[in-house]
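Residue numbers (the numbering used here), protein chains in the order written: chain A, 10 to 361; chain B, 10 to 361; chain C, 10 to 361; chain D, 10 to 361.
Calculated from the structure, these hints are not laboratory results. Be careful, since some hints might not be right.
Any copy will do: because identical chains look the same in the list, a pair fits if it lies in one copy or spans two.
[Stated by the list, open to error] Taking lysine to aspartate or glutamate pairs in the EDC-like style, the calculated list, with each CA pair at most 16 angstroms apart, reads:
| id | residue 1 | residue 2 |
| --- | --- | --- |
| 1 | Lys337 | Glu315 |
| 2 | Lys337 | Asp230 |
| 3 | Lys78 | Asp107 |
| 4 | Lys93 | Glu57 |
| 5 | Lys337 | Asp231 |
| 6 | Lys93 | Asp68 |
| 7 | Lys93 | Glu47 |
| 8 | Lys93 | Asp45 |
| 9 | Lys162 | Glu57 |
Number of protein chains: 4
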Amino acid sequence: RLMQTATTVREVSRQLQRHPVRMTVRNIMIVTKARDNELVHLTRELAEWLLTTPRNGSDLGVNVYVDQKLRNSKRFNVQTLLAKDSRIEGMLRFWTPDMCWESPEQFDLVLTLGGDGTVLYTSWLFQRIVPPVLSFSLGSLGFLTNFEFAQYKESLGRIMNNNEMRVNIRMRFTCTVFRYQKHAGPNAPEYIEAEQWEVLNELVIDRGPSPYVSNLELYGDDNLITVVQADGCIFSTPTGSTAYSLSAGGALVHPDIPAILLTPICPHTLSFRPMLLNDSMLLRVAVPRHSRATAYCAFDGKGRVELRQGDHVTIAASQYPFPSVVSKPMEWFDSISRTLRWNNRGAQQKGW
Amino acid sequence: RLMQTATTVREVSRQLQRHPVRMTVRNIMIVTKARDNELVHLTRELAEWLLTTPRNGSDLGVNVYVDQKLRNSKRFNVQTLLAKDSRIEGMLRFWTPDMCWESPEQFDLVLTLGGDGTVLYTSWLFQRIVPPVLSFSLGSLGFLTNFEFAQYKESLGRIMNNNEMRVNIRMRFTCTVFRYQKHAGPNAPEYIEAEQWEVLNELVIDRGPSPYVSNLELYGDDNLITVVQADGCIFSTPTGSTAYSLSAGGALVHPDIPAILLTPICPHTLSFRPMLLNDSMLLRVAVPRHSRATAYCAFDGKGRVELRQGDHVTIAASQYPFPSVVSKPMEWFDSISRTLRWNNRGAQQKGW
Amino acid sequence: RLMQTATTVREVSRQLQRHPVRMTVRNIMIVTKARDNELVHLTRELAEWLLTTPRNGSDLGVNVYVDQKLRNSKRFNVQTLLAKDSRIEGMLRFWTPDMCWESPEQFDLVLTLGGDGTVLYTSWLFQRIVPPVLSFSLGSLGFLTNFEFAQYKESLGRIMNNNEMRVNIRMRFTCTVFRYQKHAGPNAPEYIEAEQWEVLNELVIDRGPSPYVSNLELYGDDNLITVVQADGCIFSTPTGSTAYSLSAGGALVHPDIPAILLTPICPHTLSFRPMLLNDSMLLRVAVPRHSRATAYCAFDGKGRVELRQGDHVTIAASQYPFPSVVSKPMEWFDSISRTLRWNNRGAQQKGW
Amino acid sequence: RLMQTATTVREVSRQLQRHPVRMTVRNIMIVTKARDNELVHLTRELAEWLLTTPRNGSDLGVNVYVDQKLRNSKRFNVQTLLAKDSRIEGMLRFWTPDMCWESPEQFDLVLTLGGDGTVLYTSWLFQRIVPPVLSFSLGSLGFLTNFEFAQYKESLGRIMNNNEMRVNIRMRFTCTVFRYQKHAGPNAPEYIEAEQWEVLNELVIDRGPSPYVSNLELYGDDNLITVVQADGCIFSTPTGSTAYSLSAGGALVHPDIPAILLTPICPHTLSFRPMLLNDSMLLRVAVPRHSRATAYCAFDGKGRVELRQGDHVTIAASQYPFPSVVSKPMEWFDSISRTLRWNNRGAQQKGW
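In isolation and in its complexed conformation, chain A is listed as follows (with noise of 0.2 angstroms):
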């Protein structure tokens, strides 16, 4: 079942990747941090430019989704805004978690204005289908934030103008910790589902707090592949192999390419170099039930669990992936010359 997941989001990822996305776009919802006042001002221009700009044929623009959280903020100003043409009232809306978890379908587009984390945030907010994001940067572009503010008139317009739009199906995997039930009866099931996370960058285990070190037994389909004896390893998506991953020792390993990563973290062998796996496999983790120390997972830096004696943690291509709007050809090969500098320039030795 998961080689089937895992090969028909690969199948539709690529025949989205070769064709544009035809689509109308009329209801766009719009992350960011409601507590940063820059973004808040930001936000606000735009939506009203998406709002009254003429679209579709009407002499008004698409519904815009804000942040609950500022239908009452003075920043923001709902009343001013709704003030400039009372035709727009219906048309500026609040979106909720809620909504995002139960209709997503809803939002024919996301936009996010900030960092990484912002793009991180609209991944955690959808935990089931992702609508088509695209991510403005205010300052330098970084690894998701591939667009720049500045010229938001610009991009979106092509995008609503030609009702089309290339995206880049990103990967995610969904990430489920089970709990060992130590005493459970005879008829009791011997492990618990708990927490479940979609992650677009990676899965942190690692032994937290604890001057011990983590010995991790990780399966994949139920096979034994190693112990991990190391501060602790990350299992990260080809999008996360710039974040994490790559300051831990990971290869750079490009968005289309269906892989999961692991990279030790401080291991304590010379020999345990990273490791890519094919993402048709079901791998686990487990703390073993007579270890002497617990790990911890995050999950996209937040969301600190800890693994108990006996608990442990499935890693699947998850079906759900993260469909990031592309803003030009080679733009993975741009982000990390620009924001790793990635192989450029430096010492040289010379002969004589």
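Take the given structure of chain A and dock chains B, C and D to it, following the hints.
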């Protein structure tokens, strides 16, 4: 077109890997080092067993092709072999490299006897379609030699009696050298296609005996990705990730992942981390026209070719992958633990 | 002054290493884990042998100091031990941590029984002068436990009969925490000296449980060398180069080399290569006053201390190195082959 | 003896580095690339200034030695230079490589003009005692070229007026090739000493054009340390730690640290981590007598020599180190930030 090749090959691979291949084996080719006395004896033993063990309802075995060089070998001794049963005379045949090129489909199965080098040689023989290849190791198993010769009767018996086998479709690259025509007339082409090779492990481009470092331009789909300043660079398949790429610092990559590994050899910048590129990209490596130094290509460690100023070589996922018969699930993980001692226990930090 | 300390210690080390130390051993201290039953039995055996084996022209042995915690231990059983020979009553003595601090010179030789952790504990006991330390291993030899307990009679007999031993003078660091006094009055000092520890392996500074990365300022002799953006950084002695620093990617450094290893943990830049600094430099690591996060120090894996905004810690070559008794020449190379499997044979690329 | 050499050189180095060298400079040698037109012009300008600027109480300057190859150079034009002041005729002199070998002490100071290659060439010229070397860079400063030519008057004026300068005593290695005499008679020596070179950066031993990997035996003080299976290995001084060793994965090592860096090139085992050996050890690298392949040595990138079966090369800390004039404290840290972009800001992971 390349994108389509990559996609088609990948889809077929996936289908093949999910289900065993059903086929009746009637024609078997044996590849070995014809100069190694011990191997010649074992080849004879294997050939005799294949020729005489009843198969497919007949009271005889299958057709066997051995290396043309063995026709007059005293050690192989065709005469005494044929003398055992007059009916096998027409069934013992001799293969030549030309046959591999012209009619690869006449072989239902190829057996290799020797080390990983013999498997690479088999890949080199079949520059177009490759029949399924089952590789025996004489001593310890290697990355590519995943069957023990000591159990050949059981292994081959199971496949030939059940008429089915599982294969792993390993990606190859098509590497093509293009020569720059410095003094081409106005209507002559600027580049002429020269050598072309399929590689199963890797293409290595290095500075050869030159003391000067290579300055190689790397293009992806005609966009300049970076300029490589290094002793050289390796373009490796996932199969080759356990070979030279690993020595140069590359990650271990499961052979099912469709990716091209770019691993620099002694790069001049601190930030030139190994990278995995998607296999739907056409890569091109060029020696700049005004470069001080030239570069050398080696294809699976063979066929050293000089790239002079202005020349380039292209690397693309091949439409002719290499189907290797699988001995058991998870065999790749076994091979890296056993052969590389990947993450085998060594030092352990102790607290107090 | 620091430069002079480094130089003097280094020169004395060299003299000591070239020639065996000549001394009559009259007082021996035994360090072990007092809670480990097996170790207590072996300590008793060793103590009895030392007390009763005739030495130095007398028909009795030498004075033996065991851990004060064993005075009332049923397993150690002082009474039955003393009952064997009334003359040893005054020769069996008990050490306390205070004695190690106040009069370390009263011990001619320290024996440790256990693992590398017991040796680190011995280093921690002796915060000033350290007597020569001879370390027994019960199982396989470690980096610091270079004598096999099974041969203790031969090893100690040779040293005590010849009145000479070879020692390796291992560098330690003096690490001193300074607390920033935010609200210091005009005449009060801005920094107050707080914890100070000698380390034999390493000082680790990391982000602790904080999700935010450390931004640590590194100064050498009051010049800013760099700002460390990483999960943390390790300042390791050559002795510690086989411990945590190695896991984080550091080089192996022979213990005779006077150097301070700086090894980053998961650094945020691709170019932050491990570095070796000269031991005549005073290093200082500061948490900037306006830093978002704090940092944590651990000294040889012990004594976790928080560095808050404005605090700093200094690292300098100590004037109190750690003299470890040498079992044989080249023992360091043996230990890395054996314990780390350094460069032990694994995969081999084969040509064809 | 080696131990004593190492110790003596180290102690003298330390004394020299702590205090400035006091000396009156009367004879200056200028080294540059005689074929580079721009450099010849600048050499002439520098020579004229040195010859004619009053020094040491005289109204003339100091004696200047330029490359013998410039004697008849039209660009250098000795005649017009001498025509400026008849008194300088005897003061403009010409150096030859022989003079560097036979009477190095006649030069009080050597100036180099060019890149790091020119400094390596100067090291090569002085195979025995090396005078203090001050290295000018024309463009951006390098690791070894730490003075800007644009400020030559200020830099040299300060040194020559104060009669003092600070020098950094950089370790060199003495590398000696020994040839195995296969057919030596009973009384003939088995090994004959052949090439001997001083290196400032590194000795590289590699497989050269051979497709077979090197199997090199590494001995320390006649004990086998390990067998190197790799494309090659680098024995680098701390000065060379920023050159080829760094490309192959070595650590950065401050030039004051007395150590020999062993850095493997593309090693065949996952556990062959770079190592620092103490400089009091005599290292020896041998090609086994029955090795399939030979190996090649390069000394500071020059003088390629083949090591055949049975031959070996020794590496030892030289008694002739390389004194380089210091431009300012902490210059090494500046050079690695500037030239390597060591730990310069790049990507940053962001939380949310």
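Hint-by-hint comparison with the structure:
In this assembly of identical chains, lysine 337 and glutamate 315 lie within 16 angstroms of each other by CA distance neither inside one copy nor across copies; the values are 41 angstroms within and 36 angstroms between. Only between protomers do lysine 337 and aspartate 230 lie at most 16 angstroms apart by alpha-carbon distance; the minimum there is 14 angstroms, versus 38 angstroms within a single protomer. Taking the shortest alpha-carbon separations for lysine 78 and aspartate 107, only the intra-copy value of 13 angstroms comes in at or below 16 angstroms, while the best inter-copy value is 61 angstroms. In the homo-oligomer, the alpha carbons of lysine 93 and glutamate 57 lie at most 16 angstroms apart inside one protomer (9 angstroms), although the nearest pairing across protomers, at 79 angstroms, exceeds that limit.
Proximity of lysine 337 to aspartate 231 under the C-alpha cut-off of 16 angstroms is restricted to the inter-copy arrangement: shortest distance 15 angstroms between copies versus 41 angstroms within a copy. Within a single copy, lysine 93 and aspartate 68 get their C-alpha atoms as close as 15 angstroms, which meets the 16 angstroms cut-off; across copies the closest is 87 angstroms, which misses it. For the identical chains of this complex, lysine 93 and glutamate 47 are neighbours neither inside a copy (21 angstroms) nor across copies (70 angstroms), given an alpha-carbon limit of 16 angstroms. Taking CA atoms no more than 16 angstroms apart as the test, lysine 93 paired with aspartate 45 passes in neither setting, with 24 angstroms inside one copy and 72 angstroms between copies.
In this assembly of identical chains, the alpha carbons of lysine 162 and glutamate 57 lie at most 16 angstroms apart only when taken from the same copy (12 angstroms versus 65 angstroms across copies).
The structure does not agree with the numbered hints 1, 7, 8 stated previously, though it agrees with the rest.
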